[in-house]
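Protein chains: 4
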Amino acid sequence: MKKDRLEAFSDGVIAIIITIMVLELKVPHGDSIEALFPLFPIFLSYILSFIYLGIYWNNHHHMMHTCQKVTGSILWANLHLLFWLSLVPFATGWMGENHFSALPSAVYGIILLMSAVAYFILQQFIIASQQPDSLLKKAVGNDWKGKISPILYAVAIFLAFWWRWGSIGIYTLVALIWLVPDRRIERMLTAKD
Amino acid sequence: MKKDRLEAFSDGVIAIIITIMVLELKVPHGDSIEALFPLFPIFLSYILSFIYLGIYWNNHHHMMHTCQKVTGSILWANLHLLFWLSLVPFATGWMGENHFSALPSAVYGIILLMSAVAYFILQQFIIASQQPDSLLKKAVGNDWKGKISPILYAVAIFLAFWWRWGSIGIYTLVALIWLVPDRRIERMLTAKD
Amino acid sequence: MKKDRLEAFSDGVIAIIITIMVLELKVPHGDSIEALFPLFPIFLSYILSFIYLGIYWNNHHHMMHTCQKVTGSILWANLHLLFWLSLVPFATGWMGENHFSALPSAVYGIILLMSAVAYFILQQFIIASQQPDSLLKKAVGNDWKGKISPILYAVAIFLAFWWRWGSIGIYTLVALIWLVPDRRIERMLTAKD
Amino acid sequence: MKKDRLEAFSDGVIAIIITIMVLELKVPHGDSIEALFPLFPIFLSYILSFIYLGIYWNNHHHMMHTCQKVTGSILWANLHLLFWLSLVPFATGWMGENHFSALPSAVYGIILLMSAVAYFILQQFIIASQQPDSLLKKAVGNDWKGKISPILYAVAIFLAFWWRWGSIGIYTLVALIWLVPDRRIERMLTAKD
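Residue numbers (the numbering used here), protein chains in the order written: chain A, 7 to 199; chain B, 7 to 199; chain C, 7 to 199; chain D, 7 to 199.
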C-alpha cells in the first residue's frame, strides 16, 4: 500500500508539472497570425519537455513495478527526482522565450542531466533494497540508454555555447532513444510469469 | 494495475487542465458591473471548453473500461491525446479574449480536431491490442459521432474566416451531440454481463 | 470501480481549486508590514472559501458513499457542481481585492447559490438512481441545512448592496452551520451495519 | 475506504502545493547569467520549502498508517493542516524575493510554526480516536522532534529581526532533523507484525 501512495504522489506531481508547463504559452494580445509567431519556439520547447516528462513517467512506472518495499532512502530519492523534474517548466520556458539561445539551452541540459542522475540514484536505492538476484538489477545490467544519456547531456551542455542547434539536436535525439519503453523489464517480467 | 495508473494519471492531467483554464478568467481591477463585461466572452468559451473536457474525460473513462492491457503504443497514444487537450486552455483563453474573432476561433477548432484525431488513434491502438471480436471494435463499428465530428471541426475551422458565429455554432453543436455518453459501449457491457 | 474514478476525479478537481485559490495571495514587492496590509481582506476571503470547499469535499464524500452506481446523469450533475466550484477562486479573489464591496460580494453569493443548486441536483439524481427506500433520501428527508442555505445565500446576495458586512456575516454563518458533517448519513450507515 | 480518500486528497493538495511553488521562479527576460542571479535566493528558499513539504507528506503518510477510522474531527484537523501548508508557497516566494529579510523570514517561520501546531492537533485527534493502548500514542510518547521544533521555530521568528541568517539556519536545522522519517512508528509496526 505504501508503494501505491508513493506512485500516486509521483503521478500527481508529474501530472501537475506537465500541465503547468503549458502556462508558459501565454495567451497573446492580438488575434493575428503574427501574434502567434513569438510563441513558436516556446511551443517547440513545450513539445520536447512534454515528451521528456512522458518518458520519465513511463520509466518511473516500469521501475516502481519491480519495487517491493519503499524504504526511507527510496522515498527521498524519489522526492529528489521530482525536485529536478519540477524545474523542467522553468528551463523550458526560459529556453523557449530566448529562442534556444546558449545559456538557457545549457541550463535546460543541466536540469535534464540532474534528473537523469536523480533517476539513477533512485534506481540504485531500489536495487539495494532488493535481493542480490534483483530483477531490476538484471534489467538495467546492460542499460546502454541510461549510460549514454548523461554523456550526451554533458556534451550538449557544452555544445550549447558553440552551436546551439547541435545541442537541441542532442536533446531531441535522447528523447527519441527513450521513447521506446524499457522492453527489457517488460520481457523479464513476462519471462518470470 | 498498470491500467489503473494510466487512468489515474489521465484523470489527474484532465482535472488540472479543466481547473487551470479558469485562471484565464483574471480577477478584474474595478468592482463595477462594467469590469465584468470584458470577461463575458472568456466565460462563454470557458463553459464550452469545460463541457468538451468533461466529454473527453467521460468517453476516455468508457473506452478504457474495455481495455484489458496497456501496451507501449496505448501509453504514448494516451499521452498524445493529453498533449492536445493540454492546449485547450490556451486556445480557450485566446478565443475568449479576442471575442471569438476569426483566427483564434479557427485555432480552437484545430486543437479540437487534433484532439479528436488523437482520440481516434488511441481507440485504434486499444482495438489492435484486443481480440478480433473486440468489444470496443463492435461498439465503435457504426460510430457516426466519431466520424462526423472531425468533418464538422474541419468545416468550422474554414467557416471561422467567413462567419465566425457559424463556426462557434458548430463547436457548440458537436459538444451537444457528445453530451450523451456513448450508450453503445454501456449497452454491450450490460449485454455481456 | 466507476464510482471510484468519479470520486478520484472530483477529489482532484477540488484539491486543485482549493490550492490555486492561494495564487490570488500575490507575493507583495516590499518586505514591510505595510506591504502585507492589502493582502488582509484577500486572506480573510481565502479562509472563508477554503472552509466552503472543505465542506463541499466532505459532504460530497458522504453523499457518494451512499451512491451505488454512476449513471450518465450523475456524472454530468457532478461535473456541473465542479463547474460552479471552479469559479470560487475567481469570486474569492475579486471579493478580497475589492475589500468585500457590494457587487463582488453579491457575485460571491451567486457562485455559492449556484453551487448549492448544483449539489441539490446531484443529490436528486443519486436518489433517483436508488431504490425507493433510498438511504440518501431518508438522510436528506428533513435536511434543514440544505433547505435554509439557498435562502440565506439569496438574502445575502441582495443584502450585499445595502449592508455588505451583513452579507459577509451570512456567508460565514452558513459555513459554520455546515462545518459539522452530516451526521444523519453517518448515523444511518452505522445503523445499517 | 474513507481513509484512502482522505489520504488521496491530502496527497493531491500537497502535490499541487509543492509544484505551484515553482511558479515563483519566474522565467527571466534576458538570457544572460546575470538574469539568473536575482532568482538565486528564490531558488534556495524553494529547496528549503520543497524539503519541508516532503517531510510533511512523509510524516503524514506514516501517521495516517496508524489511523483506523476517520472522524469528523480528524477530517477537519487534516484540512486545517493543509490550510497552513497551502500558505508555504506564498511565504517562500516572499522570503526569497526579499533576500531573506527580517519580516518575510519571520512570516515564513510563523507558517512553519502554525503547520507544526496543526500537525500536532491532527495527531491528538487520531490518538483520541484510538484505543488507550494506541500505537501512535506510544510512538510519539517521547517525540523529542515534535516537541523541539515549535520551540526552535519560535526562537527563529524572533531571531529573524536581529540576525536573519541565524533564523534561516534554524529553519534549515529543523528540516535536517526531520529528514530522517520517524523510525519509531516503523519499528513498532514491524514489531506488531
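FYI, nobody ran anything at the bench for these hints, they're computed from the structure. Treat the hints loosely; a few may be bogus.
Pairs count within a copy or across copies, as identical chains cannot be separated in the list.
[Claimed, not checked] Result set (DSSO-like, lysine-lysine): computed pairs, CA atoms no more than 27 angstroms apart in a straight line:
#1 LYS151 <-> LYS75
#2 LYS8 <-> LYS151
#3 LYS32 <-> LYS153
Status of each hint after checking the structure:
1. For a Cα distance limit of 27 angstroms, the shortest separation of LYS151 from LYS75 qualifies both inside one copy, at 26 angstroms, and across copies, at 26 angstroms.
2. For the identical chains of this complex, LYS8 and LYS151 are inter-copy neighbours only, at 23 angstroms across copies versus 29 angstroms inside a copy, given an alpha-carbon limit of 27 angstroms.
3. Taking the shortest Cα distances, LYS32 and LYS153 never come within 27 angstroms of each other, neither inside one copy (37 angstroms) nor across copies (33 angstroms).
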